[in-house]
Amino acid sequence: MASSRRQYPFHLIEPKWQKIWEAQQTFRAFNPGEKIPENHPFAQRHGADAMVPGPVAATQLPPKFYILDMFPYPSGAGLHVGHPEGYTATDILARYKRALGFNVLHPMGWDAFGLPAEQYAVKTGQHPRQTTEQNIATFKRQIQSLGFSYDWSRELATTDPDYFKWTQWIFLKLYNSWFNPETNKAEPIETLVYPTELESQSVGRASSRADSRDGSSVASPHQNIESARRAYRDSKRLAYVSEQPVWWCEQLGTVLANEEVVDGKSEVGGFPVVRKPMRQWMLRITAYAEKLLNDLDTIDWTDSLKEMQRNWIGRSEGAEVEFRIPNSEFRITVFTTRPDTLFGATYLVLSPEHKLVDQITAPEQRAAIAQYKTEVAQKSDLERTELAKEKTGVFTGAYAINPVNGQKIPIWIADYVLASYGTGAIMAVPAHDTRDFEFATKFKLPIVQVVQPPDLKTDWHGFVGDGTSVNSTGPEISITGLPTAEAKRKITDWLETKRLGKKTVNYKLRDWLFSRQRYWGEPFPIVWKKGPDGQSYHEALPESALPVLPPALTDYKPTATGEPPLTRAKDWVNLPDGSQRETNTMPQWAGSCWYYLRYLDAKNPTAFVSREAEAYWMGSPTPNSQLPTPKSTPGVDLYVGGTEHAVLHLLYARFWHKVLFDLGYVSTPEPFFKLVNQGMVLGEDNQKMSKSRGNVIPVDVPVQEVGTDALRLFEMFMGPLEMVKPWSTKGVEGVYRFLGRVWRLFVDEPSETEFEQAETTAETQRRGELLDLIKLSPAIKDVSAVPAQLKTLHACIKKVTEDLDGLRFNTAISALMVFVNEAMTWETKPATVLRDFLILLQPFAPHLAEELWVKLNLQPSTFNLQLPNLAYACWPRFDPALLVESEMEIPVQVNGKLRDVIKVPVNADNAALEAAARASEKVQPFIAGKTIKKVIVVPKKLVNLIVV
RNA sequence: GCCGGUGUGGCGAAAUGGCAGACGCACAGGACUUAAAAUCCUGGGACCGUAAAAAGUCGUGUGGGUUCGAGUCCCACCACCGGCACCA
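Heads up: the first sequence runs through residues 10 to 957, numbered per our numbering.
These are calculated hints, taken from the structure and not from any lab test. All residues carry an ideal CB built from backbone N, CA and C; glycine is no exception. Treat the hints with care, as some may be off.
Between beta-carbon pairs, the in silico distance windows are [said to hold, decoys possible]:
#, residue 1, residue 2, range
1, R138, E772, 32 to 42 Å
2, V283, E653, 20 to 30 Å
3, M833, G628, 46 to 56 Å
4, G323, D475, 17 to 27 Å
5, G938, M833, 44 to 54 Å
6, S699, T770, 40 to 50 Å
7, K44, K566, 44 to 54 Å
Below are the SDA-like pairs computed for lysine to any residue, each with C-alpha atoms no more than 20 Å apart in a straight line [said to hold, decoys possible]:
#, residue 1, residue 2
8, K864, V756
9, K538, A578
10, K182, S244
11, K132, E259
12, K300, P335
13, K807, T820
14, K790, T834
15, K149, Q713
16, K174, V756
17, K939, K949
18, K364, G402
19, K300, H658
20, K950, L892
21, K517, E259
22, K364, R324
Work out the full structure: start from the sequences and follow the hints.
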């Protein structure tokens, strides 16, 4: 490949245009309030409105279009050809929308905190910042070599103190807020209403402050009530501290969130993890479960993605039911989604960790219970799931009373009941629950049918569907004969009136474990103090203390006891006033939760984003829009990234956005209006690209060999964006050849030969100028196009426009190919037709298109096209009138089988179509001597003759 | 097990219920060339035919169905990919 002759001088064209774009700041997106330079192509395109002498107002700007990529983690390995797939798609769209007249925001940045740089630091002592900066430089060079139209003036890195200052600031907002169930939104913690016993006007703030300096002083009643108030307040914050068992990974030296643990191993590296109780920061995402679920209906995401989020949130409606224990004060509350099966509850099961287990266990069962609990505790979750095939459990010796029929039923413990879901206890209905059925079968517990399947032939044993209640009559309540839905309603109502239970909604979603025992993350803007009662408590730093920078360290390892590495920085941790800094750091997700907002106003020193910028870029379309199709949407108009972020990043970011919305900092309840997942690019061997398989193709390879435009084109030509598809070196060469054809369509071959000869002798420095030697093909003339040429062009405009609107890049490219194949055969090529073609080509192959655009415009002729910058040239509109044919080809079927294709005038009516079809020679043999029973004529489409 | 997606030539793929395979790759033949590469032209689902054609039959994972007509809609199943997984 490398040895063969170049299809066209992309090696000179591509760097040339990248330099021009950079110098001209071609892709700068202008904010309201900015002054737009008069000579900027954006000002030229948008004319008087945007060329006001002073700062431009939002209403003077065209409608916005915000098109966003998921920003990458800059790894040391650099980019392979899979990375730019999504970036290419968004760039094509960005360029297309720019051509349509939108003010396009298309930014890029770096999700730069993260484990690899820290692990490297542990090994080598090199500061993660240094590693990170090197990696960013590599990534940036590679991404820039692809010619994407990013506005680099908005570049950001989550590791930049000017950025994470605001990550910490948002954390403070979470910390200083609570979720008010009355208003159903987050509010400042000051609006929190305390329970009456904690209401106290007499507690002087000043005095309690003063007292708290002296940790040894005896707590006064004032102080007691103040710390009780504090405890209450802290228990309501959206960011709170909790001592709880977390996943500890020895090798990574950190805790992991539930979602970072896969199959009992760390998602990163696949190391073993164990449960360990630790003090952690949590974010109260569960308060937003309902909104996160419901608002999915308001956004344009794929069904599968929404479904994944729904499953993750895991809403289930049911009832809590209280079971009495005879001769005891204790009550056991269970959660069930099938209250209608209460009559079939033949035993209860508590999770081994349930707090009542020890108190209710009968003396003779104590030893067995204790042993089972030990066994369970020793099992890792991996073992627990692996051994899930066989149910285990132990009888406690205690009994409970079924409230509907007064029956005494045994209480067991078993590890198939999870402590962390619902109430940690269930009523077992073995007849109608698979797990209970298995358990009951194994331990020979009674199985009672209470639901009749709709199909009488269905076996009721283990039937879990809806049906009709049977055997469900007690002394006070009967639901026998009721269909499931109604039975649920009736029994829940009855339980509520009897105060034995209530309707309840449960979620699988858990609060977000937000702290990590790592160095390379945002420090918390939190300090710990000791109260007069000797209890330590946390307090937020003031905004003026931001950013809180991580301290310098020489050793990045966590301490042996699992204390975070920041603990080693004693000077940093201990503050002059005796308080101590929080030593946990935030997880990598923190920075990516809001980066799309920072892009709107990336350099703002006084706010995370200005209100004006936020309103313009995230708000609804501006009213003065004069575009033919103003289709901006609230929020990010299009967000493209991989499925791997389907739940975590996308759920966390939505959560933060909703909090910011509730607190009045952003104007939309959802951040990302439309979201598309690009499919993975596999290696040529159809396997996932990985170093170990040796099938990784770095982007630099095709960029060197066929150029960026060909790479971009092939990324899109491989297949639909959302699909998984294999890379193909041969395929890249195919689109490269296509670009060569485009080149030859435009240029004069003798002048190119001259150029090539000059190039071999010219100094490297001067080679770029040699491009000017290449002249436009003499076949391109300033003549009006003939109808057939216009038809070819407009068919192409139509197809490319419609396909871009539908994100069907592959078929848009094939339409461009069809045009070129056709145009190659023209003896005379009208300049105006080729001009429009270049505008269509520009989003896909911008470097080549710009170069040819210049040649077309510099031609000393009467072309007079007067459009200096292709990137801002108006997108052509197709004229349907030009696509109309005078004749059409109509397939003729006999009994549904194709027998002929006839040509008829385009205005032929049904009768004419039928007549022409009957007259067809090829059709004759199939209808001769037969009766035509029926004739189906689809206007302008087809004729089908039915014979017998 | 549950949820979602995908199955079409040798390969990547395309087709508002109406000519299956656009466009491209690979391949074959031809032109240009001393030759090769590059380029340009032509061909192409399978089968059966034929000197070559034509005509014909079959064909979108499998089996049914709806329809004048199904890659497309419905039912059942199979395979692969992704997600979740004792969530009561």
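Comparing the hints with the structure gives:
For the hinted restraint 32 to 42 Å between R138 and E772, the CB-CB distance of approximately 40 Å keeps it satisfied. Judged by the Cβ atoms, the range 20 to 30 Å given for V283 and E653 holds: they are separated by roughly 25 Å. Evaluation of the 46 to 56 Å hint for M833 and G628 yields a pass: the beta carbon distance comes to about 47 Å. Range check, G323 to D475: about 20 Å between beta-carbon atoms, so the 17 to 27 Å window is met.
Checking the proposed 44 to 54 Å range against G938 and M833 shows it holds: the Cβ atoms sit about 50 Å from each other. Taking 40 to 50 Å as the suggested C-beta distance range, the pair S699 and T770 conforms, at roughly 45 Å. Taking the beta carbon of each, K44 and K566 are about 51 Å apart, inside 44 to 54 Å as hinted. With a CA separation close to 9 Å, the supplied pair K864 and V756 stays within the 20 Å bound.
Between K538 and A578 the alpha-carbon distance is near 18 Å, which keeps this suggested pair within the 20 Å criterion. The suggested pairing of K182 with S244 holds, with an alpha-carbon distance near 16 Å, which does not exceed 20 Å. Restraint check for K132 and E259: satisfied, since their Cα atoms lie roughly 16 Å apart, inside the 20 Å limit. For the suggested pair K300 and P335, the alpha carbons sit about 41 Å apart, so the restraint of at most 20 Å is broken.
With a C-alpha separation of about 12 Å, the suggested pair K807 and T820 falls inside the 20 Å cut-off, and the hint holds. In summary, the hint linking K790 to T834 is supported, as the alpha carbons are separated by about 15 Å, within the 20 Å threshold. As the CA atoms of K149 and Q713 are separated by approximately 17 Å, the hinted pair is consistent with the 20 Å bound. Restraint check: the Cα-Cα separation between K174 and V756 comes to about 54 Å, which exceeds 20 Å; the hinted pair is violated.
With a C-alpha separation of about 26 Å, the suggested pairing of K939 with K949 is violated against the 20 Å cut-off. This hinted pair checks out: K364 and G402 have alpha carbons roughly 17 Å apart, not beyond 20 Å. This hinted pair checks out: K300 and H658 have alpha carbons roughly 17 Å apart, not beyond 20 Å. Pair hint K950 plus L892 holds up; C-alpha atoms about 16 Å apart against a cutoff of 20 Å.
Distance check on the hinted pair: K517 and E259 sit about 27 Å apart at the alpha-carbon level, beyond 20 Å; violated. Of the supplied pair hints, the one linking K364 and R324 is violated, its CA atoms being roughly 25 Å apart against a limit of 20 Å.
Violated hints, in rising order: 12, 16, 17, 21, 22; the structure is consistent with all others.
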